[in-house]
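**Student:** Everything in the sequence shown is counted per the working numbering, starting at 40 for the first residue and increasing by one.
Note that these hints are calculated values from the structure, not bench results. Note that the Cβ used here is the ideal one computed from N, Cα and C, for glycine as well. Some hints could be false.
Stated by the list, open to error - Cβ pair distances, simulated, as ranges:
| # | residue 1 | residue 2 | range |
| --- | --- | --- | --- |
| 1 | Glu-49 | Pro-88 | 18 to 24 Å |
| 2 | Asp-126 | Tyr-56 | 26 to 32 Å |
| 3 | Val-115 | Asp-42 | 29 to 35 Å |
| 4 | Asp-42 | Ala-114 | 29 to 35 Å |
| 5 | His-87 | Tyr-56 | 26 to 32 Å |
| 6 | Ser-125 | Lys-60 | 19 to 25 Å |
| 7 | Ala-114 | Lys-69 | 14 to 20 Å |
| 8 | Asp-126 | Leu-64 | 16 to 22 Å |
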Amino acid sequence: MNDTTLINKEVNIVAYYFHNKGRRLRCFPKSMEWNNRRISFTETGMVHPTTQGQRTLHMFDMTDGNADYRLEFDAVALTWTLVSISDTNYASTTPKSFAIA
40 MNDTTLINKE
50 VNIVAYYFHN
60 KGRRLRCFPK
70 SMEWNNRRIS
80 FTETGMVHPT
90 TQGQRTLHMF
100 DMTDGNADYR
110 LEFDAVALTW
120 TLVSISDTNY
130 ASTTPKSFAI
140 A
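Start from the sequences and build out the full structure, keeping to the hints where you can.
**Tutor:** Quick look at the structure:
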């Protein structure tokens, strides 16, 4: 069961940028401004590039310890989009076992 809400809204991101092998800059989101709040990320999950036509998009799965966020960075337009939020708190409110009648 997945409690995911699709957002697809552009957001402001504070990111870390650093050089990796081959002098290419790498970036990772540090915090996000969304819905009049600042959300600080505590962990990075999966990061993967993908393409949409001529554009390269970088997908980031992040967490603040309470919810999971999927972010999209458009390397051409240099914009960040909050794709979705998955609330991890729902797991503590769902039953651990089910009775089958």
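**Student:** Look at each hint and say if it fits the structure.
**Tutor:** Results for each hint:
Between Glu-49 and Pro-88 the Cβ separation comes to about 19 Å, which falls inside the hinted range of 18 to 24 Å. Distance hint check: the CB atoms of Asp-126 and Tyr-56 are about 29 Å apart, consistent with the given range 26 to 32 Å. For Val-115 and Asp-42, the Cβ-Cβ distance of about 32 Å falls inside the hinted range of 29 to 35 Å, so the restraint holds. Restraint check, Asp-42 to Ala-114: a C-beta distance of roughly 30 Å satisfies the suggested window 29 to 35 Å.
Taking 26 to 32 Å as the suggested C-beta distance range, the pair His-87 and Tyr-56 does not conform, at roughly 18 Å. For the hinted restraint 19 to 25 Å between Ser-125 and Lys-60, the CB-CB distance of approximately 32 Å leaves it violated. The supplied range of 14 to 20 Å is met by Ala-114 and Lys-69, whose beta-carbon atoms lie about 18 Å from each other. Asp-126 and Leu-64 have their C-beta atoms about 32 Å apart, which leaves the hinted 16 to 22 Å range violated.
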